[in-house]
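Novice: The residues making up each chain are set out below.
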Amino acid sequence: MGTSNLLPGTLEMLLLKAVSLGTEHGYGLLQRIQRSSGDVLAVEQGALYPALFRLESQGLVASEWGVSDNNRKARFYSLTRAGRARLARDVGQWQQLAAAMNAVLNATRGELPR
Amino acid sequence: MMRRLALWWRTVSARRRFERELDAEFEFHLHARTDDLIGQGVAPDQARRRAQVELGMQGMHRDACREARGLVVLDHAVRDLRYAVRGLWRNPGYSITALLVLGIALGANALLFSLFSAYALRAPPLADASRWVSLEAITTRDERMTSWPVAEADALVARPSAGMEAIYAMREVRLIVQPALARLVGGESVSDNYFDVLGVAPALGRGFTAQSDAGAELVLSDLGWQRLLAGEADPLGRTLTVAGRAFTVVGVMPPEFSGTTPQHAMYWLRERDYRALQPRPDGDGLAVQLGGMRRHDSSLAQASAALTSRAVAANSERETSLRVARAEVSTRRGYLAQSDMHDLVQACLPIAFAFVLLLLVAAANLANLVLARFASRQGELAIRVAVGAPRRRLLSQLLTECVLLASMAAVFGFALASALLLPLQAFLFSLLGEFGIDLIGLRVDLGVLAYTWVLALLATVAFGLIPALLATAAWRGGRSRPDLTAMQRASGSRMRSLLMVTQLAISVMLLVIAGLVAMNARSVAQIRIGFDPARTIAVHPGQVTPALARELAALPQVERTALTSRAPLMGTPHRIDAQVGARSEPLFVRAVDAAYFEVFGIDILHGRGFSAADEAGANVVLVSRRTAEHLWPGVNPIGQLIDLPAQERLGRLRSGQFVVVGVVADVVSAWFVSGIDGSAVYLPTRVGDPAVSGLMLRTRDTSVATLDAIARACTRVDPQLSCELMPMLLAVRIQRLPFLAASTLSLLLGWIALGISCIGLYGLVSYLVVQKRAEIGVRLALGASHARVIRHLLSGAARQIGIGVAIGVPLAFAVARVLAALSDKLHTFDLVSFVVIPLLLALLALLAAWLPARRCARILPSEALRQD
Chain A
1 MGTSNLLPGT LEMLLLKAVS LGTEHGYGLL QRIQRSSGDV LAVEQGALYP ALFRLESQGL
61 VASEWGVSDN NRKARFYSLT RAGRARLARD VGQWQQLAAA MNAVLNATRG ELPR
Chain B
1 MMRRLALWWR TVSARRRFER ELDAEFEFHL HARTDDLIGQ GVAPDQARRR AQVELGMQGM
61 HRDACREARG LVVLDHAVRD LRYAVRGLWR NPGYSITALL VLGIALGANA LLFSLFSAYA
121 LRAPPLADAS RWVSLEAITT RDERMTSWPV AEADALVARP SAGMEAIYAM REVRLIVQPA
181 LARLVGGESV SDNYFDVLGV APALGRGFTA QSDAGAELVL SDLGWQRLLA GEADPLGRTL
241 TVAGRAFTVV GVMPPEFSGT TPQHAMYWLR ERDYRALQPR PDGDGLAVQL GGMRRHDSSL
301 AQASAALTSR AVAANSERET SLRVARAEVS TRRGYLAQSD MHDLVQACLP IAFAFVLLLL
361 VAAANLANLV LARFASRQGE LAIRVAVGAP RRRLLSQLLT ECVLLASMAA VFGFALASAL
421 LLPLQAFLFS LLGEFGIDLI GLRVDLGVLA YTWVLALLAT VAFGLIPALL ATAAWRGGRS
481 RPDLTAMQRA SGSRMRSLLM VTQLAISVML LVIAGLVAMN ARSVAQIRIG FDPARTIAVH
541 PGQVTPALAR ELAALPQVER TALTSRAPLM GTPHRIDAQV GARSEPLFVR AVDAAYFEVF
601 GIDILHGRGF SAADEAGANV VLVSRRTAEH LWPGVNPIGQ LIDLPAQERL GRLRSGQFVV
661 VGVVADVVSA WFVSGIDGSA VYLPTRVGDP AVSGLMLRTR DTSVATLDAI ARACTRVDPQ
721 LSCELMPMLL AVRIQRLPFL AASTLSLLLG WIALGISCIG LYGLVSYLVV QKRAEIGVRL
781 ALGASHARVI RHLLSGAARQ IGIGVAIGVP LAFAVARVLA ALSDKLHTFD LVSFVVIPLL
841 LALLALLAAW LPARRCARIL PSEALRQD
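Chains as they are written, first to last, in the working numbering: chain A, 1 to 114; chain B, 1 to 868.
Be a bit skeptical, because a hint or two may be false.
[Said to hold, decoys possible] Partner residues are not named here, just some residues of chain B that face chain A (Cβ under 7 Å, in silico):
{"no.": "1", "residue": "25"}
{"no.": "2", "residue": "28"}
{"no.": "3", "residue": "29"}
{"no.": "4", "residue": "52"}
{"no.": "5", "residue": "54"}
{"no.": "6", "residue": "56"}
{"no.": "7", "residue": "68"}
{"no.": "8", "residue": "588"}
[As the list claims (entries may be wrong)] Computed beta-carbon distance windows for the label pairs:
{"no.": "9", "chain 1": "A", "residue 1": "23", "chain 2": "B", "residue 2": "15", "range": "18 to 28 Å"}
{"no.": "10", "chain 1": "A", "residue 1": "81", "chain 2": "B", "residue 2": "15", "range": "24 to 34 Å"}
{"no.": "11", "chain 1": "B", "residue 1": "14", "chain 2": "A", "residue 2": "23", "range": "16 to 26 Å"}
{"no.": "12", "chain 1": "B", "residue 1": "19", "chain 2": "A", "residue 2": "7", "range": "24 to 34 Å"}
{"no.": "13", "chain 1": "A", "residue 1": "23", "chain 2": "B", "residue 2": "59", "range": "51 to 61 Å"}
{"no.": "14", "chain 1": "A", "residue 1": "81", "chain 2": "B", "residue 2": "14", "range": "49 to 59 Å"}
[Said to hold, decoys possible] Residues from chain B that keep clear of chain A, each with C-beta distances beyond 12 Å, as calculated:
{"no.": "15", "residue": "59"}
{"no.": "16", "residue": "334"}
{"no.": "17", "residue": "421"}
{"no.": "18", "residue": "423"}
{"no.": "19", "residue": "665"}
{"no.": "20", "residue": "693"}
{"no.": "21", "residue": "773"}
Source of the hints: derived by calculation from the structure; they are not laboratory data.
Glycine included, C-beta positions come from ideal geometry on N, C-alpha and C.
The whole structure should be built from the sequences, with the hints applied where relevant.
Specialist: Structure representation (structure tokens):
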């Protein structure tokens, strides 16, 4: 199975989701996204950090320096209250969009209203 | 300063931490990825490299991170600023020229604005200025009245209309105050609640209270304390004689409170004390102004409606012409009431227009300089684009320099305005001060600074943006290789010539118009008034009694006294529709006694003057020569008849049929602008005639001591007389003042415009000369003579000057025609203005170009060539 690039504008949503699963450093978030997508979604590694910085500037995530599993200093990100609200909204919109896309793609001739 | 330093340091140190943490985060990522790859079986040295490759272009990502934090914009701004400072520092000629040109224009505009702001924008220091309102009435004839009848005002003060928390009454008064020199001093007569309603507290003593047990009370302004009591340490309880009555000083107001009008009050007295001084405190019906505080819970519309019903209910007490249609409660923002504000704006508009033109000249001038400077930087710009700077960055860099210049110019202009404000004010207000009117002082404040700044930034957009766009046009649309035609266009001189021509044309126009205005104003100011105003003083006591006439005539300083119904140069005489033969003619009629013509030295041309018998009530008149020529052309006027009908409103002049017994010389007795009186008819009069309102005195001199003696004589006769004294020379000067001011102001403006143009031309040519050093060097090396190089440099400037003059003169002519449409008294052609001034300007401009050109042609060719 190959990897596929992200749809534009979805990186932030995926990052918010990944952070919502628990406080984690940037590299860990990257792994969470890739693993939970079954290694289908490929996040460009360098683009991860500007996106995180943007989220932090918007107050959607907070960061704190801590120590990683292998005893290195790392910056850990956690979701803020505003981030949680944004995530819920984005997910809602996404699911609506996906359902609509599905409905169009699965439509058969007989089902179309006249 | 320390706090700003600390903030700067915090930013910088936080910035270092930000970079440190950015490094650490990327480093951690690489380590974690490398570990993972090693775990997947990749060799350690390869793992590290792969991790780096996967992470991608780190520099770009780091920049993106900085941008996410808004740091990039700041970085660029700081870098641009530093660059701009260096650039300006290295080109002092350019910087100083730009600073002077823009700074002077900004300073002039700041001055005008400070005048406007002092009267229209700045409010007295009230406790709650947002609820401060003025009460005005609009009559059934749609005239706006700012004053109210005393009875109505009293009722409104005692029982405010609905929607008003409190109402105070106020009128401006000018009374003779002693023991300082007996002269008229301006103050305000106010209702007892004035200070309380306004919410201003005295600095010393107290304000007015409602109890009327004590005698007459006076509150001084800070300036009044200095002037009337010479700033004595203990002013409270001191006695001052105001219009012959003793007043006790009970308080002194703080320096920042000068009353509620543009006139700086020296004192306040209570309205009831004022009425006790005056035999007819109600004057012509409308006497006092009303102001007050609106209630918190009421709107202006509600308050206006309530006031309207109160005012309309009182209409039966008013004269027909003064009946109120509606009343208006409007918020007061400054020292000027609504209607005065309108006048001020109208008066200021043409001046403001001229000042904005001046700024335009400066902006065009600067655009030119900036254009030359940017054009010379094409090489540098090309290098920057080659190393990856987008056009946006070039633009921001060029504009930063302009903004920096404009900011410095704003500060310079502000400083200039601050320095010039006091002399300007002294010039404009000196005469009014002699007349007993002190206007509140002008001041430059933060508002003026902000205004200057905004103006400077606007000018920057004008002078900076276009050149910057032109200079970077070669890289339009993100191309990395320049568009060569655009590049040529940017360095070409067409735009520069256009700008130079524009500003020269505007300068020529401004200067020609200034010359015209000055010429007209001078001719008005120098008009022959036809009588001798020296050593004559008009005394207006309200009513001339025999005792007063005797007392004044007996003064050793007084040589001769005369009577008149209205003093010359202090308003128009009575205008009466007379019957001459079968025609009805509007004539200006003045009642005078026989001595009037002697006091003013007006010659009797034909017939005779008045005799004592005439004064007793003979039906004879004298007419001026112009009147005679107009009414009876080619006929002997002596013995002709004039019928003066009884006038309803001006019933004090005698009516009946009068026979002309003499012709006197023409004079200017009304307004300078109107020139020689179109008609002048003199009726004989004597003391006791109710028509007589003033005495004209010919005195030994018009020194302060003489004025003091006359004022004291007035109060000796009747302490309640408030003798208004007006030396006729002062009246002449007051009439001249607006014209003198207009001529001075317009000439000043014109010279500034010319100066700016010359400075700009000088700067531009010197800059070009420096830029063209190599070219000049080659020319000299190839054998061109110095004179030829100078001629070459000058020919361009000369062409621009020529075109500028050719456009500016017709433009000025067109503007003059427009001005002429406003006033038929304006002469629109003047040889000096239209020929001499443009020639002079052209010569000066050529000189400004020649000076730098000459300097540079002396350079040795070898030196010039070695430089590149």
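Novice: Confirm or reject the statement that residue 59(B) sits farther than 12 Å, beta carbon to beta carbon, from all of chain A.
Specialist: At about 10 Å from chain A, residue 59(B) fails to clear the 12 Å cut-off, so the statement is violated.
Novice: Close enough to count: is the Cβ of residue 588(B) nearer than 7 Å to one in chain A?
Specialist: Interface hint status for residue 588(B): violated (80 Å vs cutoff 7 Å).
Novice: Next item in the hint list is residue 56(B). Is there a CB on chain A closer than 7 Å to its CB?
Specialist: Cβ of residue 56(B) sits 4 Å from chain A, so the hint holds.
Novice: Does the Cβ distance between residue 14(B) and residue 23(A) fall inside 16 to 26 Å?
Specialist: 24 Å, holds
Novice: Against chain A, does residue 334(B) keep a CB gap of more than 12 Å to every residue?
Specialist: 44 Å, holds
Novice: Non-interface claim for residue 665(B): all C-beta distances to chain A beyond 12 Å?
Specialist: 87 Å, holds
Novice: Is the distance from the Cβ of residue 23(A) to the Cβ of residue 15(B) consistent with 18 to 28 Å?
Specialist: Between residue 23(A) and residue 15(B), where Cβ atoms are some 27 Å apart, the hint holds.
Novice: Does the closest beta carbon of chain A sit nearer than 7 Å to the beta carbon of residue 28(B)?
Specialist: 5 Å, holds
Novice: Would you check whether residue 52(B) satisfies its interface hint, that is, whether its CB is within less than 7 Å of any CB in chain A?
Specialist: With a closest approach of 10 Å, the residue 52(B) hint is violated.
Novice: Going by Cβ atoms, does residue 423(B) stay more than 12 Å from chain A at every point?
Specialist: Check passes; 54 Å lies beyond 12 Å.
Novice: Is the interface hint satisfied for residue 29(B)? The criterion is a beta-carbon contact with chain A at less than 7 Å.
Specialist: Hint on residue 29(B): holds, closest Cβ of chain A at ~5 Å, below 7 Å.
Novice: Given the range 49 to 59 Å, decide if the beta-carbon distance of residue 81(A) to residue 14(B) lies inside it.
Specialist: 25 Å, violated
Figure legend: structure checked against the earlier numbered hints; hints not met, in rising order: 4, 8, 13, 14, 15.
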